[in-house]
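Engineer: So you can see what is in the structure, the chains are spelled out below.
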Amino acid sequence: MEPLTWTGSLAFLNPILQGLLVLLAIAILLWLVASILLPEGSTKTNADGTLSLSGGPRGLATAGVNYSFMAVAGIVVIYLVLGIFMGTGAGIAGAIAQQLVPVWISLVLLYSASIAFKRKLGLYGKLYDSPIGMIGFGLVMFWVFTGVYGAMDLIVTHDALSQVSGMKNKVPGTPMRGATEEDFQWYLLGGDNLARDVFSRLIKGAWVVVQIAPLAAIFAFMVGITLGLPAGYYGGRLDTILSFAANLILAFPVILLFYLLVTPEIIAAGVPNYMATVLFIFPIIFIGVLLNSRYYTRPKLRNPLLTCVLGVAIWLYLSLVSNGGYLVEAPTYKIPGLPAFADLFDIPGGILVVFVSVVFVNSPTVFRIVRGLAMDIKTRDYVAAAQTRGEGPWYIMLWEILPNARGPLIVDFCLRIGYTTILLGTLGFFGLGLPPESPDWGSTINDGRKLLSIYLHPALPPAFALLTLVLGLNLLADGLREESLKD
Amino acid sequence: MGLFILRRSGVMLLTALCLTFIVFTLTNLYPNLEKLAKTQGNFRMSDEAVESWLDKNGYIGSMPVKYGQWLGVVPGWTYTDDEGMVTGRCIRGSVTAEEAANATSLCGIIQGNWGKSTVFKEDVSGIISKRLGNTGYLMMWVMIVMVPSALIIGILAGMREGSAMDRSLSTVSIVTTATPEYVSGVIFIAVFTSSTVGLKWFKGTATSAMDNPTFENFTLPVITIALYGMGYIARMTRASMTEVMTAQYIRTARLKGVSFHNIVLKHALRNALIAPFTVIMLQIPWLLNGVVIVETLFNYKGFGWVLVQAAGNNDIDLLLAVSVVSVVVVLFTQLISDIGYVYLNPRIRIS
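Residue numbers (my numbering), protein chains in the order written: chain A, 1 to 487; chain B, 1 to 351.
There could be a bad hint or two in this list.
[To be verified] Counterexamples of contact, computed for chain A against chain B with all Cβ distances above 12 Å:
id, residue
1, G19
2, Y79
3, A113
4, G122
5, G138
6, A151
7, T157
8, F244
9, A268
10, L305
11, V312
12, I335
13, R380
14, A385
15, A405
16, N474
[Unchecked claim] Distance windows between CB atoms, simulated:
id, chain 1, residue 1, chain 2, residue 2, range
17, A, M70, B, V119, 53 to 63 Å
18, A, V309, B, N345, 43 to 53 Å
19, B, S105, A, I454, 50 to 60 Å
20, B, K121, A, E181, 43 to 53 Å
21, A, P299, B, F332, 47 to 57 Å
22, A, P436, B, V119, 41 to 51 Å
23, B, G2, A, V309, 50 to 60 Å
24, A, W104, B, I22, 41 to 51 Å
Calculated directly from the structure, the hints in this document are not laboratory data. Don't be surprised by glycine CBs; every beta carbon is placed ideally from N, CA and C.
In isolation and in its complexed conformation, chain A is listed as follows (with noise of 0.2 Å):
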């Protein structure tokens, strides 16, 4: 087997991107200069009664923008439209598009159902109306789709886990040794430290994030939420109270936190299972609350809706915090939980240590955020309104309140969430938590910087990746903004 170059067969298209580059370049350079020096392009009334912006040069300066921009984007799709069809003949690039086929395909159909039905979506389609926005979401989904297909094994090459002898430190596009038939015939993005494949890694560690940071997201915000919004709204000690242990955790510096709640002896004296117990009650609190103000007047609604909700949140916590029979299990001593018949499945060890720090860090950060949003709101008319007909304090705060807090709550969850991976990745980078093997993108930057100055493909893609998803989580919070601005 021939090693793979980075575009194969389609390297005649090469110089035609550099030079689309280079010009693409020149034109912002331009863009920029223009946009200080010239004066701003005149208006001037049509005979119809429409106004227009007249071109000049800066007119040009941003077609020459649009236009390079353009150019340089559709040779990037010719090369993933040929990769796709012409697989490893079109060297990494291709062979890497063609591994991501079911991502590919999962991204158009996604974008054309939502830009058909944009005006029924509410907020979600809007944001197909901001370009930002639309650039965010496509990277965020990108990863979504490749860390749910990669779990699913669809896309990975090899096994992230298994060293293949003669491959350690291999550079991107080397042939695997010893390949059978069966196996994929190359490491597409090289081998690493220990002989595993990079590419086939950098896919599982999108699944560790897609699985945490999200899930993680929502239980800080059902914790912040069910504090923040007492806090706000009563004031007074509780407020103080509450306020004062927000300001405690946000003192620690992250990184000596997780270290003092994420070694092996603090996991084993069952520290972190207390805290997930005291944190995933909240979810159920939340729950129970919302429902329960808003249909106690209605009993027999009421009960039926709220013993079945319940009851299947009560199990999935359940399941959640006990682990083979036991919510706690200590060398020294044992609590017994959900027995092991029930148990609807079991998270691994390292996974809910992580998972759990990170709520902690994250919560007191969107208490402080759900209570300033509630001390603001409700000084309204609306919630005067609320208390004026004898509506209960939860109602209010929980169907009053909060909907009305809805746009700045939405923004700060997508910051959350790209908060959250970067999180994800200084536990990796540090060693903490996740099993030393584990593909996350923080353990592989860690394991690749120490050869760095001689190998510089295992560090790169993880880090690339990171800075990928994070970038898109942010424009996507910037597109959501500016579109929940705008009415």
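Use these hints to put chain B onto chain A, whose structure you have.
Structural biologist: This is chain B only, laid out in the frame that chain A set:
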């Protein structure tokens, strides 16, 4: 104002006490102590040997009492061995009973005794002050690079909302906030130091920068930390600048015929810089995180490196000192940002 500072100082003290107690409790959990005993003694110690080692070194006892000893409000522990020699928290080495009776009984951080590091076998106060000096130097350069560039980016982006300049600079600041230190650091090392790319402009480690910081070995750590904080400050400055630029008095100045750069420099700038001041102050604790990552990445032995060493080896006294220092930094910057905000913005008065 005096009352406000007094109250804030009280809250600060309470926070520091609660926080150190939490750290103290977590580090003194039995599995942690067992690990400490085994690393200090030997790894094949039996359970009884661990017990006796802990007893000999004053780790047995109830949590509040031990915490009181560390604070210096409860007399320090003493241990008399079979030969009548006494060791203790306030005693250096082992001495006879008479000498031990003469030693002071209280010695905690109130008396200025920060304890001894079990990893470095040195006094904690010495380690902390030396490493803090290294980190202080790093932070100084980070601030010198980060603050002016963030403010300039924010002001240039915010003075004409929606212009080409605004859009490109905003994109830059979003990209930098999306790049955590361990990503940008790795990319910088790869691009500027590795033999594969071949630029070799800088050095990939900052170990030599502790004695002799030069442009070559100190640039990458500074840039790496500065870049992540910069985007956030720049975005806040931009937001505050755009808000000021739509204010009534700016419109009045424009209608009066004041030139654009005079509007920006003389009218808008001063009001636009109030909010970023708070943000910069509150950003300092976040920089602490970056410092830990960057010092690990570039092997620069400062405060963050000590934190990792202390936490990794469960060095109780050192870890407590590290948390005291970081809590003081966090709360002190909060206090300064509050006071500065009132001072800069005469519309706000603390009642």
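Engineer: Each hint: holds or not?
Structural biologist: Structure-based check of all given hints:
1. For A:G19, the non-interface assignment is confirmed: its Cβ lies about 22 Å from the closest Cβ of chain B, beyond the 12 Å cut-off.
2. The beta carbon of A:Y79 is kept farther than 12 Å from every beta carbon of chain B, the shortest such distance being approximately 23 Å.
3. The Cβ of A:A113 lies farther than 12 Å from every Cβ of chain B, with a closest approach of about 28 Å, so its non-interface assignment holds.
4. With a least CB separation of 25 Å from chain B, A:G122 remains clear of the 12 Å interface cut-off, as annotated.
5. A:G138, annotated as away from the interface, keeps every beta carbon of chain B farther than 12 Å; the closest lies near 15 Å.
6. No Cβ of chain B approaches the Cβ of A:A151 within 12 Å, the least distance being about 23 Å, so the stated non-interface status holds.
7. Every CB of chain B is more than 12 Å from the CB of A:T157 (nearest about 24 Å), matching its label as outside the interface.
8. Once the 12 Å rule is applied to beta carbons, A:F244 is inconsistent with being away from chain B; the minimum gap is 8 Å.
9. Remark: the non-interface label on A:A268 conflicts with the geometry, its nearest Cβ contact in chain B lying 5 Å away (cut-off 12 Å).
10. No beta-carbon of chain B comes within 12 Å of the beta-carbon of A:L305; the shortest separation is about 40 Å.
11. The non-interface label for A:V312 is consistent with chain B: the shortest C-beta to C-beta separation is roughly 35 Å, beyond 12 Å.
12. Separation of A:I335 from chain B is adequate, the least Cβ-Cβ distance of about 17 Å exceeding the 12 Å criterion.
13. For A:R380, the non-interface assignment is confirmed: its Cβ lies about 22 Å from the closest Cβ of chain B, beyond the 12 Å cut-off.
14. No Cβ of chain B approaches the Cβ of A:A385 within 12 Å, the least distance being about 30 Å, so the stated non-interface status holds.
15. Every CB of chain B is more than 12 Å from the CB of A:A405 (nearest about 19 Å), matching its label as outside the interface.
16. At roughly 5 Å from the closest C-beta of chain B, the C-beta of A:N474 falls inside 12 Å, breaking its exclusion from the interface.
17. For the pair A:M70 and B:V119, the supplied restraint of 53 to 63 Å holds, since their beta-carbon distance comes to about 58 Å.
18. Between A:V309 and B:N345 the beta carbon distance is about 48 Å. The supplied range of 43 to 53 Å therefore holds.
19. The hinted range of 50 to 60 Å is satisfied by B:S105 and A:I454, whose Cβ atoms lie roughly 58 Å apart.
20. Taking the beta carbon of each, B:K121 and A:E181 are about 60 Å apart, not inside 43 to 53 Å as hinted.
21. Between A:P299 and B:F332 the beta carbons are some 55 Å apart, a value that agrees with the proposed interval 47 to 57 Å.
22. Between A:P436 and B:V119 the beta carbon distance is about 22 Å. The supplied range of 41 to 51 Å is therefore violated.
23. Between B:G2 and A:V309 the beta carbon distance is about 54 Å. The supplied range of 50 to 60 Å therefore holds.
24. Separated by about 49 Å at the C-beta atoms, A:W104 and B:I22 satisfy the suggested range of 41 to 51 Å.
Hints 8, 9, 16, 20, 22 from the list above are not met by this structure, while the remaining hints are.
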